[in-house]
Amino acid sequence: MPGRVFITGIGIISSIGDNVDETLFSLITGKSGIGKNTLIDTVYKNMIPVAEVHKDDHELAGILGINDIRDFTRTSLLGMIAAKEALSDAGITDINHARTGLISATSVGGMHRSELFYKDFLNDHSKGRLINIIHHECGDSTEKIADLLGVKDFISTVSTACSSSANSIMTGARLIKNGKLDRVIAGGTDSLTLFTINGFNSLMILDKNKCRPFDDTRSGLNLGEGAGFVVLESEESAMKSGKKPYCELKGYGNACDAYHQTASSPEGNGAYLAMKKALDMSLLKETDIDYVNVHGTGTQNNDLSEGNAMLRLFNRKIPPFSSTKAFTGHTLGASGGVEAVISVLAIRESLLFPNLHFTTPIKELEMVPVTSLKKNVSVNHVLSNSFGFGGNNSSLIFSKN
Amino acid sequence: MSIYINGIGCISPQLSTDGGLFSGVIKVYEDEFLKCIDPDYKLYIPPTMARRAGRIIKMGAAAAKICLQDSGIGMPGAIITGTGMGCIEDTENFLTEMIRNDEKMLAPTTFIQSTHNTTAAQIAILLSCNNYNMTYVHRGFSFESALIDSIMQIDQGEAENILAGGLDEMTPGMFAISTRLGVYRSSCKGHISLFSEKTSGSFAGEGAAFFLLDHQQTPSTYCRLEAVEMLYKPKDEQEVTGKIIKLLSAHSLQIEDIDLVLCGINGDERFDGIYGKVLAPFEKSRLAYYKHLCGEYHTSAAFALWLSAMILKNNRIPPFVLINEDNSLALENILIYNHYLGSNHSLILLRKC
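Top to bottom, those sequences are chains S and Z. End of the first sequence = 401 in the working numbering, gap-free, step of one. End of the second sequence = 353 in the working numbering, gap-free, step of one.
Treat the hints loosely; a few may be bogus.
To be verified - Mimicking DSBU-like on lysine-lysine, the simulated pairs with C-alpha atoms at most 35 Å apart in a straight line are:
1) Z:K35 - Z:K243
2) Z:K104 - S:K180
3) S:K55 - Z:K104
4) Z:K243 - S:K243
Calculated directly from the structure, the hints in this document are not laboratory data.
My request is simple: use the sequences and hints to build the entire structure.
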């Protein structure tokens, strides 16, 4: 496929920081964002830890200079903050100067407000404040971001559960490679909701303590919230703008496990295929990969399956890897975007970030992740994995210029 | 590269799976919304799925299977769906349980099935298809995004053929909410004559239509899918017209070459005005509409694409879709123009093979 796609801007908000600088500081100092739930009114408030952005909706709106928050869901606000930062980081001041698109992603859209509406609506369909349901649709947050940034040329939204924003980055890259757009703001956003807390709790895959990805004692994930966006540009567009790209999006792969709606196949077939496709597209060898930012949710099923897929892909010679979900929690539809930004930071800063809370390798795998911050490391090629319900598996490869 | 529609499966409120609609049998609804006619699901999906899955998943999986059978393709190179609202029934059921049971003792099934990508994933499981699997969820751009991704992948040789579909389900809960929001009228009575009563609100509908898009023509080919374009919040009708002219000229066509425009008029006086203005230059084209047959929903363009592909294949326009008189003979190019609540405008260009 012709054309190259470069990353010229990054933006992020999560439990470990409201922007790129704060996020990097937390990653370097080993500060996890997982803690007590203070924002979602659930009966599990004191039992299930979460990784929440430590600002209420009014405070988030304040960052954007918005006074009236009625039309802005938390998912929208998080997305707007991260996408705006990415655009500004790329040095883009005139959005209509080149053909620009926005591909966002979310798993639950405005559910945070819909569930408030539903409590009143459930027993009486004439009840419930409509302002709390009107922004339910996934496309709502994308249009809010597009309107804030002035994006007109192409907008769309992806929802493939937890791989959503890896897929939005992939679609963004494809639009550039096909010559339809010059640059794309791509990523995703999701806020914590009662719906997802109860959903994952019903599946019994929420850890009551801080999650321990790739650890033998792992017992589930911690839900998080946030948004992560990257600015993708064609070679020509990046050269014109003069902003030195952080890296190139050299490969991507999307494969379906086609095994079960929520469980991954034990051998991680879909995960293997997604990584293999990305590697094949990048024309790199598996030995070229310097770091893998794994999906690593901390559930029994994911980590075993992903580990098996990695053992197969890397022929048992596993490169340094870590899950950064013990920092950010699992931000669901935003995680691919959040981890894309973290992968770019690894390249930009020559750092490998630790897999917090790890002590014992998984018996079947004997894989040991990076457990402390590694500085001054040559990080040229990073593989980032995002796997979702439905066996929707996606991998991205970021390469230093 | 040319892209061909080589198979279709369309489940809709009309008799779209057995040719009934094209032989002139029109289903008329008088309740709240236009509801899909269920096929005999056990012909297409396993009994466990027919029992457990939400309606949209069943409709989608059955439409996908019908489409693949129609095309003769067993394993598509990718599965790409578009859905504005996703699995509403399962989402509502999980919300209901969660609230009624005070978050205790919840069964995970409805949560598992509530994610927007469930149907695409379930089709992959049915086919054991490990290929690219994707779901777009952007209001009136959902299905169009799925088509654009498909076209790009076939163009670039990433896949030779792709199963692409648009699907949305209506539920009593969502109907009640949308009606309160003014999107729909409180009853679909009179849907068949969209023009008779101009008022605000449209008629609620639903549907699932899948298409096998292929890089090569086969005996089962319906037509060529030339282009899909989306236009977000155009400032006026001139911007839409400009986009149409640009699209046509990119395919060496002029307005006069469009033999039929199938438009998304939905009976809502707040939003229908733009169709007349945008389509005014199409003086020589036949004008047709479709939402009186399927109702209004985010992915109704998938029904329009089914209808258009059938028209090109059969070389015949059913009289009940025409707005003006059918006085021309040629039937080569069809343009579908639709918009969702004035924000999401889309164009689909088709050509006879």
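| message | Would the hint linking K243 of chain Z and K243 of chain S be met if the CA-CA limit is 35 Å? | response | holds (32 Å)
| Are the Cα positions of K35 of chain Z and K243 of chain Z separated by 35 Å at most? | Since the Cα atoms of K35 of chain Z and K243 of chain Z sit roughly 34 Å apart, the hinted pair holds (cutoff 35 Å).
| Can the restraint linking K55 of chain S and K104 of chain Z be considered satisfied, given a maximum Cα separation of 35 Å? | Roughly 28 Å between the alpha carbons, so the hint for K55 of chain S and K104 of chain Z holds.
| said: For K104 of chain Z and K180 of chain S, compute the direct alpha-carbon distance and say whether it is at most 35 Å. | reply: violated (49 Å)
Hint compliance for this structure: hint 2 is the single one not met.
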